[in-house]
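Listed in order, the protein sequences are those of chains X and W.
Counting in the working numbering, the first sequence runs from 1 upward without gaps.
Counting in the working numbering, the second sequence runs from 1 upward without gaps.
Check before you lean on any hint, since a few could be wrong.
Unchecked claim - Computed list of lysine-lysine pairs in BS3-like fashion (alpha-carbon distance at most 30 Å, straight line):
hint, chain 1, residue 1, chain 2, residue 2
1, X, Lys9, X, Lys105
2, W, Lys84, W, Lys129
3, W, Lys129, W, Lys248
4, X, Lys6, X, Lys75
5, X, Lys9, W, Lys258
6, W, Lys129, X, Lys6
Rather than coming from a laboratory, the hints here were simulated on the basis of the structure.
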Amino acid sequence: MKTFLKLLKNPISLMGILLLLFFAAVAIAAPWLAPPPWPREPYRIARCGFSPTPRPPGINNPLQGIWLIVTRQAKICEVRPFGTTGEGQYDIYYGLVWGTRTAFKVGIYITGMSLAIGLILGSISAYFGRWIDEVIMRIVDVFMAFPFLVAAITLAAVLQPTIGRGIVTAMIALIAFGWMGYARLIRGDILSIKERDYVQAARAAGAGHLRILFRHILPNAIYPTLVVASMDIGSYVISFAALSFLGLGAEVGYADWGQMLSFARNWISRLNEFWWIIVYPGTTLILFVLAWNLVGDALRDILDPRLRGRITV
Amino acid sequence: MVAYIVRRLMLLPLLMFLVTLFVFGIFSLLPPKQRASLYLAGDVPKSPDAMERVIERYGLNQPFHIQYLRWISHILRGDFGWSKTAQRPVLGALAHYFPATLELALWAIIPVIFVGIWLGILSATHHNKPLDHFTRVFALIGWSFPSYVYGLLLIMVFYASLRWFPVGRVSDWVLRLESAGLFRNYTGMYTIDAILNGRPDVLADALRHMVMPVLTLAYIQWALLLRVTRSSMLETLRQEYVMTARAKGLPERAVIYKHAARNAMIPVATMGGLLLIGLLNGVVITETVFNYPGMGRWAATAASQLDILSVLGFTLFNCALLVLGNLFVDILYALIDPRIRLE
């Protein structure tokens, strides 16, 4: 609670929190902001007629357009507040609104899963030590021998024929190569804590391995890892969108920001004419990631004074 | 020192063995039929018999270790398979695309190091002044800016709108010059070849194509390097020898650049590995956005067309580069800091 109050007092993190609240509101209110044309499949982006080229917004003031849609005075395709993409005439406003849900889902799932794997392997490694530590750390070395994005691209490409193209495939690929940092971090912190007196006391009192690890060691060692993980949410959203951008993420037509951006690739020589296919999705993605980074940056300063002034990007 | 290098070099084959094992493990996630279709030149045959024969012939249903040994023996002989996207053997494709990527990366390193380190030093010497806040915001925004968005925005302004910088690698007239035999390819890097050929016009053309990709590749690294340099420099400026240098009346320039900055660079050197990872990841996106015909764009195309053999070849190549790069950085680290004794 105290931490949260501090976050609110800092203007930078306050801005981040407000942005995040805004995105959360958009995600929650998605059915109301952009009523799905196929109610059973809300993540299928609304398509607006036929045209070989991207169509401009159907109204001069996008806010007025959104108002017309929200009050149900007009259909999305009549207004097209942010225009449409070229191929498939996907409505950009619709894709962005529902894509907010995808972005939250993706960021939180990937970070949560990588963190869980890293915590489990890292704590086992540090707590039991000896050959278990050696084996797990060599596995970490092998995973670290891959550049993150390149490895994720490879795994996503290999998984596609078996489990199909979709956000799950891309998320698995990113989780598989995202956990090592957390494992190393928690391992280092546990190594320094496991020899403390209170751990010895717990052992002397006859506590089992699991109890010592989860009740006595982890709660005292977990904070720095949690802080680092919270700062990574933004960059995972970027990486996921990058996979989508390269055609290895969400399936075509799924509401996802990276995919909206990949449509712009086909129009690079006329981007000045069709500016809306890059400016709206781009701004949305940047603001979302920036919000996480602003909060994470401030959180690190508050929670962990040891990290203050270290790598802070 | 020598013993350390030798030991690291001896560990290298072990690490590479584990890496190939791992890559093959990923590869065998594909069902045998999918892998069999990679061995077929044309369309997948309709009759199931033909598929069975291919699986039988290449032993795709044999136990994992036997398949691995077969695969690794091919890899060791330089046979990485056929790349459908490049229409040539994978190894040949790597050799073909590598100079273009190397050229891009080398040009990108220059602004990364100079601007990143210089801005880092400046924001440390201007600690908590407007310049420091500016670079902090610059780094934070840079970190939140996906490179593909940044690249597309550059294209929108400088290519589509202003027509200042083109996309691709060189203009068509250079390619015509090349096929007419009037321009010889020595290194495969146009900027260097242009000098060797004595063609300043080709050099200018290649550089004009390079501006936007280099800026895209460089700017994320700027954010990272800037912050590390800054904090390392702040740490160093508090040291007593800096105070001594000031006390004996050295000009501030000498104190900062001769006494403080040199020592502050030591932690920065350890960033080399991270910078390399950033470059290897970055070329995939950057080359794809700018239609720059290098390894990264080839790998991205191959991945989206499920040309798995090409992707695996590219990944193995990247791993080798990264492992060697990290080794180099560790040795460099020991060389520039005499206090470090590698055992």
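Status of the hints after comparison with the structure:
no.	hint	verdict
1	X/Lys9 with X/Lys105	holds, 28 Å
2	W/Lys84 with W/Lys129	violated, 56 Å
3	W/Lys129 with W/Lys248	holds, 26 Å
4	X/Lys6 with X/Lys75	violated, 44 Å
5	X/Lys9 with W/Lys258	violated, 41 Å
6	W/Lys129 with X/Lys6	holds, 23 Å
In summary, the structure is inconsistent with hints 2, 4 and 5 from the numbered list given earlier, while agreeing with the others.
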